[in-house]
Amino acid sequence: MHRLTDAKRLVVKIGSALLVEDEGGWIRHDWLATLADDVAEFRAGGREVLIVSSGGIAVGRRLLGIADSALRLEEKQAAAATGQIRLAHAFQEALLPHDITVAQILLTLDDTERRRRHLNARATLRQLLDLGAVPVINENDTVATEEIRFGDNDRLAARVAAMVGADALVLLSDIDGLYDADPRVHPNATHIAEVSAVTPAVEAMAGTAARGYASGGMVTKLQAAKIALAGGCHMVIADGRDAHPLRALLAGARCTWFVASAAPHSARKRWIAGSLKPKGALRVDDGARRALRDGRSLLPVGVANVTGRFERGDLVTIRASDGCELGRGLCAYSSDDAVLIAGHKTSEIENILGYRGRDEIIHRDDLVLD
Numbered sequence: 029m030h031r032l033t034d035a036k037r038l039v040v041k042i043g044s045a046l047l048v049e050d051e052g053g054w055i056r057h058d059w060l061a062t063l064a065d066d067v068a069e070f071r072a073g074g075r076e077v078l079i080v081s082s083g084g085i086a087v088g089r090r091l092l093g094i095a096d097s098a099l100r101l102e103e104k105q106a107a108a109a110t111g112q113i114r115l116a117h118a119f120q121e122a123l124l125p126h127d128i129t130v131a132q133i134l135l136t137l138d139d140t141e142r143r144r145r146h147l148n149a150r151a152t153l154r155q156l157l158d159l160g161a162v163p164v165i166n167e168n169d170t171v172a173t174e175e176i177r178f179g180d181n182d183r184l185a186a187r188v189a190a191m192v193g194a195d196a197l198v199l200l201s202d203i204d205g206l207y208d209a210d211p212r213v214h215p216n217a218t219h220i221a222e223v224s225a226v227t228p229a230v231e232a233m234a235g236t237a238a239r240g241y242a243s244g245g246m247v248t249k250l251q252a253a254k255i256a257l258a259g260g261c262h263m264v265i266a267d268g269r270d271a272h273p274l275r276a277l278l279a280g281a282r283c284t285w286f287v288a289s290a291a292p293h294s295a296r297k298r299w300i301a302g303s304l305k306p307k308g309a310l311r312v313d314d315g316a317r318r319a320l321r322d323g324r325s326l327l328p329v330g331v332a333n334v335t336g337r338f339e340r341g342d343l344v345t346i347r348a349s350d351g352c353e354l355g356r357g358l359c360a361y362s363s364d365d366a367v368l369i370a371g372h373k374t375s376e377i378e379n380i381l382g383y384r385g386r387d388e389i390i391h392r393d394d395l396v397l398d
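First residue of the sequence shown? That's 29 in this note's numbering, and the numbers climb one at a time after it.
Note that these hints are calculated values from the structure, not bench results.
Treat the hints with caution; some may be incorrect.
Within a straight-line C-alpha distance of at most 20 angstroms, the following computed DMTMM-like cross-link-like pairs (lysine to aspartate or glutamate) qualify [unchecked claim]:
| # | residue 1 | residue 2 |
| --- | --- | --- |
| 1 | K297 | E388 |
| 2 | K307 | D204 |
| 3 | K297 | D267 |
Cβ-Cβ distance ranges computed for the label pairs, FRET-style [to be verified]:
| # | residue 1 | residue 2 | range |
| --- | --- | --- | --- |
| 4 | E231 | D393 | 28 to 34 angstroms |
| 5 | D158 | R275 | 25 to 31 angstroms |
| 6 | L381 | A291 | 33 to 39 angstroms |
| 7 | D393 | E353 | 16 to 22 angstroms |
| 8 | L159 | R392 | 18 to 24 angstroms |
| 9 | D393 | L368 | 53 to 59 angstroms |
| 10 | L91 | D158 | 30 to 36 angstroms |
| 11 | Y383 | L278 | 41 to 47 angstroms |
| 12 | G351 | D208 | 53 to 59 angstroms |
| 13 | D393 | L278 | 42 to 48 angstroms |
| 14 | P228 | A95 | 25 to 31 angstroms |
Virtual Cβ for every residue (Gly too), placed ideally from N, Cα, C.
The whole structure should be built from the sequences, with the hints applied where relevant.
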């Protein structure tokens, strides 16, 4: 369990089958209270926790009296708009006795794939964590169309984990992990305790989603594992049906761990270094060059020249005064704004641009040196 105890930032995904009763669509408040106890214990140990929760549509359809049948997209959106209020309130009530503030975040697939939206969402989540809040995240079903929907919260949770650089992702489900065959159909199926890579052979082990409110199943959990591992995040599938599911996991409950080969920070650096094409370049002075070599961020005052056309979040090359390439990084400003603040102190940014942006033009976490 060291992957869980060593995690400094943890994402916990709760399936609909755990949070909402299959008959009637009622929130399981007693169970949620035990999960809140577990979250409080993790936070008391110095860990940051984010929650990705399903259940909004299941709760909302009961409140609106929508028949228990396949829902059209607009019915899902109406149910989500109603159910999300109840879910947010339930989390607020559950964590209130622990003096923990809850923040609701609704995301679409576009918010995690489009660079500017990705950066905005990541900045908001990180700020909430810095302020001591627990973000409760769900898909924004009220505005998402079929083309931009996740359709399940397993992959959403994995995207969130990669976005915030989480060390571990916990998928709490109604099954205690991966088996070499569907245990509901094959009682003698063998439980798999650890997976180091989601290979075609591993994918072939996945069954189909169970009937009911849940929209995932083992297929989407394996897809989530691919996303998490690529981001350097360990992932675990655990049975969350009983009270105190995180405490049980720490105590050694049977589960399946998907083990990342690199830490989140290293995986992000590797992605920056090799996966994108630079859109422009920043030429820096000798003082900034020394600061970068010392592991610091790049500040506007150290930028002598800006070339190329790029938007906030795009990749740019960093060059020394002699033109030598020093590295590359994700710029926190567009090329138009970068030209205006180049050579200026951080304290001058707001007066120049009319808004308060980031202090760094490239943060060291978004920077890779040659």
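Status of the hints after comparison with the structure:
no.	hint	result
1	K297 to E388	17 angstroms, holds
2	K307 to D204	46 angstroms, violated
3	K297 to D267	33 angstroms, violated
4	E231 to D393: 28 to 34 angstroms	32 angstroms, holds
5	D158 to R275: 25 to 31 angstroms	26 angstroms, holds
6	L381 to A291: 33 to 39 angstroms	34 angstroms, holds
7	D393 to E353: 16 to 22 angstroms	20 angstroms, holds
8	L159 to R392: 18 to 24 angstroms	22 angstroms, holds
9	D393 to L368: 53 to 59 angstroms	24 angstroms, violated
10	L91 to D158: 30 to 36 angstroms	35 angstroms, holds
11	Y383 to L278: 41 to 47 angstroms	44 angstroms, holds
12	G351 to D208: 53 to 59 angstroms	56 angstroms, holds
13	D393 to L278: 42 to 48 angstroms	29 angstroms, violated
14	P228 to A95: 25 to 31 angstroms	39 angstroms, violated
The structure does not agree with the numbered hints 2, 3, 9, 13 and 14 stated previously, though it agrees with the rest.
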